[in-house]
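Asks: For this one, chain A is given, so just place chain B on it according to the hints.
From first to last, the protein sequence lines are chains A and B.
Per this note's numbering, the very first residue in the first sequence carries number 1; after that it's consecutive.
Per this note's numbering, the very first residue in the second sequence carries number 493; after that it's consecutive.
Honestly, the hints are just simulated from the structure, not real lab data.
Wrong hints could be hidden among the right ones.
Facing chain B, from chain A, some residues (calculated, C-beta under 10 Å) [as the list claims (entries may be wrong)]: (1) A295; (2) L401; (3) T412; (4) F428; (5) L485.
C-beta atoms are modelled at their ideal positions from N, C-alpha and C, and glycine is treated no differently.
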Amino acid sequence: MFGLPLLSLIIFLPVLGILILFFIPKAQTSTIRGVSVATTLVTFLLSLLILAHFNTAQPGFQLEEKLSWIPQVNINYHVGVDGLSYSMIFLTALLCFLACFASFSIKDRIKEYFIFYLMLEVGMIGTFLALDLFLFYVFWEITLVPMYFLIGIWGGSRKEYAAIKFFLYTLAGSVFMLLGILALYFNSAPHTFSIVELIAQNSLFPRLFQNIIFAALFFGFAIKVPVFPFHTWLPDAHVEAPTPASVLLAGVLLKMGGYGFFRISYPILPEAAKFFAPAIALLALIGIVYGAFVAMAQTDFKKMVAYSSVSHMGFVMLGLASLNPIGFSGAYLQMFNHGIITGAMFLLVGVLYDRAHTRDLNAFGGLREVVPVFSGMLIFFSLASLGLPGLSGFVSEFLSLLGGFKAFRLFTIISVTGIIVTAGYILFMIQRILLGPLNPKWKSLAEINTREILTLVPLLILTLALGVYPKLILDILNPGLNLILKAIGVAN
Amino acid sequence: MVNAAYSLALLPVVGFIVNIFFGSKLKLKGALFSIACIAGSFLCACLLLRHVIAGNSIEQSATWFTCGKYSFSAGLVIDQLTAIMLIVVTLVSLLVQIYSIGYLHGEKNSTRFFAFISLFTFSMLGLVLADNLILVYVFWELVGLCSYLLISYWYNKPSAALAGKKAFITNRIGDAGFFLGIATLFYYLGTANFREIAEKLHHGGFDPHIITIAGILLFCGAIGKSAQFPLHVWLPDAMEGPTPASALIHAATMVAAGVYLTVRSYSVFSAGNFSLQFVSYIGIITSLLAASIALVQNDIKKILAYSTISQLGLMMVALGVGGYTAGVFHLMTHAFFKALLFLCAGAVIHNTGVQDIRQMGGLFGKMKITASTCFIACLAIAGVPPFSGFWSKDEILLAAFNHNKVLYGLSSLVAFMTAFYMFRLYILTFTGKPRDPHLHPHESPKVMTWPLIILASLSAVSGLIGSPLTNHWFSHFIYFHPEHHIEVNYLVMYSSIAVGLLGIAMAWLFYKACPNIPKALAENYKPIYNLLLNKYYIDEIYDTVIVRPFLALTRFSFSFDSKIIDGSVNGTATVTIWISTIKAWIDKYIVDGLVNLTASMVGAIGIVLRRLQSGFIQNYILLIFTSVIIIVLLKLI
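Excised from the complex, chain A in its bound form (with noise of 0.2 Å):
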């Protein structure tokens, strides 16, 4: 359109979003507010500008621009979008739109609340769609920043320790990342930090560099996945995070390590990539089902929705271990769907604590009765994140199943168990909070608000769709897919 840089328009958009909020005086709460809201629904709606201009049957990248940054060692502002790409950005500017209704219970220090919520989407949006290493490399670790704030200055009673075990967990996974980065860099011939380049040089690099390279990437991505067994920052951070900020934790920052896999370590080290698959098929069915384990243990809502991530997660890593067209397909499919119904999930923890000031499973009892609309999308979700057909969870989790046991049989046999736990939770779950008799300390809750329906409304659509008729977005996913597949050699 008019040779706009709609990509980097999109990226820094929120930034000035940051600076009209730089000069409103914090006491007009409903002008950041407006500002805010404004900023992400034009980032969302860039978003689907975006998709009108691209081509989604068409492999590879495109709109992309590319500026000279630090010319002497070769580092480029480059941006592009592909399918994979495509999809990521679409969830992170619509989540990031939607929690943004959701912060309006936030009430203490609300401009710089928003300050930072913007400036983590800028981190996010940049990292789906760098091409160079040092630009991913910069906007991976400008999330950092602003979640250890959201985390540390709006969260619950652990906050200190939750936010400084996330920042510092995360940092030093990627430090690992960094040196992989450096050596890949130093390495390459040309010199280069450029991801389609070093792609296209990946025949070059001997085993054991790309095995040792490999490693240290995978610290900084699996942590962020997370993988079993790195994820215990994950349940601290989602517990003491606000709800928006939990939105997002789950809904995309998870989905950067994975990202990290499909667009970095897989394509570039490819010989890694199936040296290391068993390996990490054999981590993603201990996160399945040992996630599972766990979250069946939880008393706290919150908290059995952050296990029930690293379970879920796990089928990302099967997937994508199985390296073969449909795990691949079923493991980028779970990232968005996962993003989707997590995020809805804790928008409703969020719901349901602002009433009752508690997330104890077995505090409460019989809640259908008094609130049968905040019921209705719970079981909903609920049955979403289980894996029920129909809806979008199923479609991934059993792609990945399927593409997993083409690879490795008996890993993906033990990993179905998983799906049987994660009935026995979410309806052990909706059992504790929606069943029974009514607790009559609950007899007025009030019911849920139409600005959260409004807010819950998309996802729920987008789940509905996306399980029947789920073309719509693998058409999307498939010729980035297969030219990752390409690149690492596998046949499809």
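Replies: Coordinates of chain B only, in the frame set by chain A:
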């Protein structure tokens, strides 16, 4: 005609959506709308049946989604089997919904009930129409969801909430196997489409071991859904739901889905070398187990639930011994008479408020229509000619007789027990004198009795389509091998009649003529009686062996996660802090200490040296003098 198929499936969806959003504002809280939709579906089913009888079939398929070179399709197939299933599902659903107007009269949230029933009907129709295993799996879990929702319909009751959860999770265990079966076939044969699977297996060149494993895995799904041993435990608990839902879902249609799946993928089972035996063994174990439990139960719905499990087991036996037609035939007749039995039980419960048959008695005088229709249903299930159950059960026994005499004997035993416990139920409920003076039963309204009458007529005559009177029309309509022959074995037929009548006679003897016999038997064989009464303690065993250890394991996992895994993260942090503290100490006392030591030494020397520079000349002279003496002394030494 394809349009009829689409309308058939989509009308209940309309019923569901309208009811969920606007149902409470509609007439009869949405019941009428939902009934209108299902009536439309039933008409479509009739049209389709006529189409199929005329010798046509419909198959349509489209790409659902693709992953690289793999393409997943969604399609429908309407052949003889589908057509019969469509009639059974829509007809029973229609009658049950009409009945429910009366049954749920005055219920606050009956809209929800009708919405769920509509969703269920849609899912069940989808399951029957689907042309491939993956699509079946989709609807398979959806009917399971509806079952869950309807079992825990009275969600305030903790037992109902628990029963719903138990049903869903137990089914998921079976479904896990089902999934693996699909995956095996998908990769081994390269398709999940029923027709293509059958064609590939027909051409041969496959490894029968793999196909056997695939068949057994698929059958795991059927074990869950059709409540076969060892996953049968959910069905008796599912009786917590409203009785019309039990009639439709947990007696006539959904629980038969396992039988349907086995029938639909029969090519897989018959191509394997052990899978059919496996089906028949599971079937007979289930059948005997459930029938023996039903002998001593007192809750009218529990008796019917165990009866359902047992009859489903019998259908599995039929399929396992090659009685493809017999299995489908019994599925159909059973749907009618078992739905009828449940609706009769529902009428009794509705009008008396009790479920224990020991409290009933003498209801015939007060509820003539209910009692007579129930009597017909009992005759049908007991296998008395010419009622429907006789013809279908006879075919099962015949198939078993031709295949395996032991299975035949055991199946006859099941038939005997069936006749006995059904007439035990009938005699205790409807005949004799009222045992509880507090009950004031009365006949149900017409909206409830008419469905009973229709189902009773079907239970009476529907078997004739498979009888010699119609020249075994059903066997010519539905079959697996085109060259199958139809025979009549009078030995099997007469012994089957004899077994049924013997069971009825014994029930009459035990509960009418000499009512002391059961008590004496229970006293004398207490361990056996308790074993049966407590359902072989299977629930208790599962609780001890599986549920509790599982929950303990989840708690262990959590503490492992907090203490070991997170502990090591926090431990790393703590160690880092210690090291930092030590470093700080070293920094403070050693590194910095050296610096300070140097400084203080310079200071100390300074203090000493400063003394020397006192400014008094005599001190300087003394110092010089002393120094000269020391130097001279040093030189001398």
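Asks: For every hint, state whether the structure bears it out.
Replies: Hints, one by one, checked against the model:
Because the beta carbon of A295(A) sits about 8 Å from the nearest beta carbon in chain B, less than 10 Å, this interface hint is met. Annotation: L401(A) was flagged as interfacial toward chain B, and the flag holds, the nearest CB pair being 7 Å apart, inside 10 Å. A hinted interface residue such as T412(A) counts as satisfied when its beta carbon comes closer than 10 Å to some beta carbon of chain B; here the least separation is about 8 Å, so the hint holds. This hint holds: F428(A) has a C-beta 7 Å from the nearest C-beta of chain B, less than the 10 Å allowed.
A hinted interface residue such as L485(A) counts as satisfied when its beta carbon comes closer than 10 Å to some beta carbon of chain B; here the least separation is about 7 Å, so the hint holds.
The structure is consistent with each of the numbered hints, conforming to all of them.
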